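Just so you know, my numbering puts 166 at position 166 of the sequence shown, and the rest follows in order with no gaps.
For the record, the hints were derived by calculation from the structure and aren't laboratory data.
There may be inaccurate statements among the hints.
PhoX-like mimics (lysine-lysine), calculated; alpha carbons at most 25 Å apart, straight line [claimed, not checked]: (1) K109 / K52; (2) K37 / K52; (3) K216 / K195; (4) K199 / K189; (5) K12 / K136; (6) K429 / K45; (7) K56 / K37; (8) K199 / K86; (9) K355 / K303; (10) K460 / K56; (11) K195 / K207.
Now the in silico label distances, taken between C-beta atoms and shown as ranges [as the list claims (entries may be wrong)]: (12) K533 / A185: 53 to 63 Å; (13) W385 / Q435: 39 to 49 Å; (14) T559 / Q445: 13 to 23 Å; (15) A122 / G362: 49 to 59 Å.
Treat the numbers as computed from the prediction; the structure is a model and nothing was measured.
In this text, a Cβ means the ideal position worked out from N, Cα and C, and glycines have one as well.
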Amino acid sequence: MNISYNEFHVSKTVRDECNFSQSLFSSCGNVILANLKAVRTFQTKLNELFDKKGQKEKRISAGSLNAMGLIDEVFHYVCMLFRRDKAPLAFTTLLADLDTYFGKEEIDKLLLQFMDEFPPVAVYQKKISAQEFLAKTAVDAGTGKKRDNREQVLEELILLHLANENPAFHPFQILFDDHKLQTNALYIKTWNQIKAYFKTQPVFGPKSNDLISMLKEPVVASPTSLKGQLDYIRTYWADLLGEWLRRLLEGIDTITEEEKAAWHPTNGGEVSMDAYSYENLSKEYERFSPDREWMPKVVLMAKTVLVWLYQLSKKYDREINRLDQIPDEELDLLHNEGFTGLWLIGLWERSYASKRIKQINGNPEAAASAYSLMDYDIAQNLGGWSALENLRWRCWQRGIRLASDMVPNHTGMDGKWVIEHPDYFITTKDCPFPQYSFTGEDLCQDERVSVYLEDHYYSKTDCAVCFKRVDNYTGDVTYIYHGNDGTGMPWNDTAQIDFLNAEAREAVIQKIMLVARNFPIIRFDAAMVLAKKHIRRLWYPEPGHGGDIATRSQHALTTDQFNSALPNEFWREVVDRCAKDMPDTLLLAEAFWMMEGYFTRTLGM
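Please model the complete structure; the sequences and the hints are all you need to start from.
And the structure:
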């Protein structure tokens, strides 16, 4: 059975120049098929064409192209609802009236001219001629009734008129410019006839307008803003849209992602900023954790290990490179100054990739980040576990407890889990953006896997949201998201753990327990990003509330879906498990964004 599809038509000239034959958007009844991957590919090709012509000012964004396609397909959906619920024969009668008034042969010439300028994909790919396409019928999946392709093409012609009259579409008019059709007097005459015809048909929509006037409502409300038009449709047509509403919200989120990712120089004046939301405060409950006697009395000294060892080498005029070489005199000094805790930053085995990225970028002496880890083993260059045990015993003799960082949110991009458990991470099989390329150096020393940083990091012209992982045994390619708090650039030497994956969550908890068995004080790096509200905000936003990390609005979840995957606060589970198994452990959270109270009062940290 042939199904009638509507398409987002793109000028044949543009398709030819961009060598692009795919479908960007199509709709079948009540299902929209938005191919965002194809949209991004087409956007890249079109922008390359503009660059080649020296017209960089005409570059378009994928979000805007996506928005135009969604508006076009929502309009098709509204037309289907009108046919199904209000006037089943409206388009059939309209076409018959046009045939009678202007002649069927002339109308077919107009429709064929339209198809020559804006061919359906099947016609463009030469799978069928325009004449054959026009002569066929297909089932309209929305109404369940047969429909002539002549009617379908007429509907496309109507939407072409609306697109060219929409001011928000004008920056992208190269895609649907109708200037050649404008030279055909019948194109103008039929449009006037069409508008007059629908004035005689039943009204439709929440404002009881005729169909053409209804389709113009978003443009009247927000003439120059695609996002504003989508927002109008979301607000006023929600009852009509049903399942399409989610796609609409994703379209708004895609634009929001691009707006946030773009950097624009200031021209003075005021910067708009959303007020901080306190909506969750009423949901907080009181569940403080009891402190052991020593915990409130901790006076903590923080030391970046590599820097401290270098300073000690200078001070004592000898090589001090290992934890077990730290002089007793220094520990005595800490004790005499009243410190009861020593927080050592940078104890764990660090990522090779992190160090190598810095070297490639012109910093040959830099160490890897202390928060881009290979695994939770004490670094061999610091003496390993035996050196730590030596230092711990000497500190304990002086009443000093050792503290360590734990990095629960991510690992190094070449970390042990990236090699052995790639399923623990937020990944995608398709490269999120077609302009990403990964032709640089393999940043993994393990022969089983290769990892590649996106090329534009090296030229400092982009900050990709992901890196490329290749399984060297199977050839399998995946793209793993970098760690990211949504406030700036991704952390480009890290791999983001997926906390909706229960197995990954448990693996992180087991690493926390490992650290707790060796350190009575743990400081959790970037703990606030693992609160449920921020896991949701960053990685699995509610439809219509995305925008913090590029492409993640495509992975939006409803509230029920999200809560099903992550029923409880991760940190509450960590605190409860530690209270049961490691009760003499002080848990410290790096938490800001107005979350300090929530972490102490509700999460018990």
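Review point. Keeping to a limit of 25 Å between CA atoms, is the pair of K56 and K37 held or broken?
Key: With a Cα-Cα distance of about 22 Å, the restraint between K56 and K37 holds, given a limit of 25 Å.
Review point. Does the structure keep K37 and K52 at a Cα separation of 25 Å or less?
Key: Between K37 and K52 the Cα gap is close to 23 Å, so the pair holds against 25 Å.
Review point. Using the C-beta atoms of K533 and A185, is the stated range 53 to 63 Å upheld?
Key: holds, 59 Å
Review point. Is the Cα-Cα distance between K12 and K136 25 Å or less?
Key: holds, 22 Å
Point to revise | Pair hint outcome, K429 versus K45 [Cα-Cα no greater than 25 Å] | key: Within the cut-off at roughly 21 Å; holds.
Review point. Holds or violated: K195 with K207, Cα cutoff 25 Å?
Key: holds, 17 Å
Exercise for review: For A122 and G362, compare the CB-CB distance with the range 49 to 59 Å and indicate the outcome.
Suggested key: Given range 49 to 59 Å: holds, Cβ gap about 53 Å.
**Study point:** Pair hint K199 and K86, alpha-carbon separation not exceeding 25 Å
**Key:** Status holds; Cα separation ~14 Å.
Practice item. Quickly compare the C-alpha distance for K216 and K195 to 25 Å and report which way the hint goes. Key: OK: K216 and K195 at ~12 Å, within 25 Å.
Practice item. Measure nothing beyond the straight line between the CA atoms of K355 and K303; if it is 25 Å or shorter, mark the hint as holding. Key: Answer holds: K355 to K303 is near 20 Å, not above 25 Å.
Practice item. Look at the Cβ atoms of T559 and Q445 and judge whether their distance stays inside 13 to 23 Å. Key: violated, 43 Å
Review point. Going straight from one Cα to the other, do K199 and K189 come out at no more than 25 Å?
Key: holds, 16 Å
When each numbered hint is compared with the structure, violations occur for hints 1, 14.
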